[in-house]
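So the sequences go chain by chain: A and B. Position one of the first sequence corresponds to residue 1 (the numbering used here), numbered consecutively onward. Position one of the second sequence corresponds to residue 1 (the numbering used here), numbered consecutively onward.
Derived by calculation from the structure, the hints in this document are not laboratory data. Worth double-checking, as some hints may not be accurate.
Said to hold, decoys possible - Pairs of lysine-lysine, DSS-like flavour, derived with a Cα cap of 25 Å: (1) B:K162 to A:K228; (2) B:K25 to A:K204; (3) A:K400 to B:K155; (4) B:K25 to A:K137; (5) B:K176 to A:K231; (6) A:K400 to A:K286; (7) B:K94 to A:K228; (8) B:K25 to A:K147; (9) A:K208 to B:K176.
Stated by the list, open to error - Chain B is nowhere near these chain A residues, computed Cβ spacing over 10 Å in every case: (10) D45; (11) R114; (12) E121; (13) K137; (14) T153; (15) L174; (16) N175; (17) E227; (18) Q246; (19) R295; (20) D345; (21) R376.
In this text, a Cβ means the ideal position worked out from N, Cα and C, and glycines have one as well.
Now for the letters of each chain:
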Amino acid sequence: MSDQFKPIPPSEPGTSRRRFLAGAGAAGAAVAASAGAALAQQKPDPLITDVQDWNRYLGDSVAAHPYGKPSKFEKHVVRRDVEWLTASRESSVNFTPIHALDGIITPNGLCFERHHGGAPEIEPSKHRLMINGLVDKPLVFTMEDLKRFPGRTSKIFFLECAANGGMEWRGAQLNGCQFTHGMIHNVMYTGIPLKTLLDEAGVKTNGKWVMPEGADSAAMTRSIPIEKAMKDCMVVWAMNGEALRQEQGYPLRIVVPGWEGNMWVKWLRRLEVGDQPWHHREETSKYTDLLADGRSRRFTWIMDAKSIVTSPSPQAPLKFKGPNVLSGLAWSGRGTISRVDVTIDGGRNWTTARLDGPVLPLSLTRFYLDIDWDGREMLIQSRAMDDTGYVQPTKDELRKVRGTNSIYHNNGIQTWLVRANGETENVEIS
Amino acid sequence: MSRFRKFSAFLLLAVLAASPALAKKAGLGREALPEEILAWDTDVRADGVGLPAGKGSVKAGEEIYLQQCASCHGEFGEGAGRWPVLVGGQGSLKGEGPEKTIGSFWPYASTTFDYIKRAMPYGNARSLSDDDVYALTAFLLNMNGVVKEDFVLSKENFAKVKLPNEANFYDDDREKTEKHFWNKAPCMKDCKREVKVTGRARVIDVTPEDGNKAIKVD
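Just chain A, same shape as in the assembly (with noise of 0.2 Å):
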């Protein structure tokens, strides 16, 4: 392992300070020296020393804000588009700051947006979902009558478009992890298994495949097999606890938990069940791998195991020497992430993270490593694994397979530059 790198264990009593001094290496003597001095020319600290206002005046009332918001401190954390990506802003996307966020739940006012006619605004009163097609009895059901069923369950899946990290597959071209991985979020959705509805209106033995349908003026269509409807699939209107977000569907939804986002229907008013798939724009012109030979993958559901560190980052540069965490995210569509292995010098050596918090199936999964800095170069990337044995490739691993042109699907392994100074830049190594 370099020696730049001491990956600090996890914490027993009595190990920060050797963890501290530790850090501070050869230089630790000098800096401890200079600690005296230092601490005799401080001046006291005049937010400790003077009373303040917000210590001294009255803050807001319990009525100032009937709907809570960040602090006025945080507004730069906040979805960001790419301009220059699309053709209008309605058929358009944005990036989760995912540099900015801990733990594994992704806030509602952060997740991504991905329309392809923009985000309709729909009162729920006159919301309708039809099932129709190889079905005992079509059937049409208000909100009302949805969240009436039995069987209400809340579940935590991540949404990732097909195409995050879709800029990156010729080389390094954006610089932060909310523009290369920021197609993807993390919530608790609440509502009903689609196989209660399929149920109901009865699917008849020829019924092989399902198509969810928007209400949207894309009117957005997917083929989803039966045996993935029946399985995990649900129909959802609440997000974190609170009513679906506008830009994620309001008031109805399907979520088909580690698939890829494009067949997450939004603002679903129409599920048909048929015996074949039906070919629809976003399953043959958008959302098929176009390969090196020509050749095009469809049907590519599944999002593989992938990570990133989103700290540091581009957005989120190294400020200190000494301690600093080392944070990211890890996730598979496959099942549950096993294992995330790190390294500090461009993947010459790893050492496995630490999985923190829950660790569920097809949910992003947040992974720390504690690391002391001495200010060295270092070219980081992390590795996921996942319950099947799958190991998140190299991109260049990835490009021999695929080729260059595919857009969808690039889960290669990032890498981040972190120069002496802590400024942090995607880059691609050999």
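Once you have looked at the hints, place chain B on chain A.
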């Protein structure tokens, strides 16, 4: 033996009757009316199932296209700005800048009809008649060299139209062709000798300005 079998069957029935999970319908919602299904179920499949009655010529399609579509997709389907290119691109799929048009890439003509009918023109969806959609589809097929100039597309002849790239699509085979990505013991130590930076996002410089800010290390 037969008594035992009868008893087992009885037991099974008893279990079934007691199980609340077993396809017991909630009785919620109401039956969808034929008019309602007709209004929403407009989708068209690759084999033509779902096509409405109607027809439209290449010539009629050209007129509608110039009025309703050309401002975004270009007079010749070449695409204005970053709007989708609809025509051309043959032979480009293996190159550096593949152009994925109806003629060069899309596997089925039905997708064109279905998509125009459900979502075009952009910002004024579902405003075209079925004959208009047939005509526009015919025009785009003609521009892509799939049908002749005097062609009239209809529900009856739709299934005969084949697009050239159909055979080049195949189902996801990652579990076979990328089997080597499943690895029980990835390398942890001394995995490679030297590491060089081969590419940098900064050189390309396309990141939105406010994405980053100046920093200083203490």
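Checklist entry - For this structure, which hints from the list above don't hold up? => result 1, 3, 7, 13, 15, 16, 19 and 20
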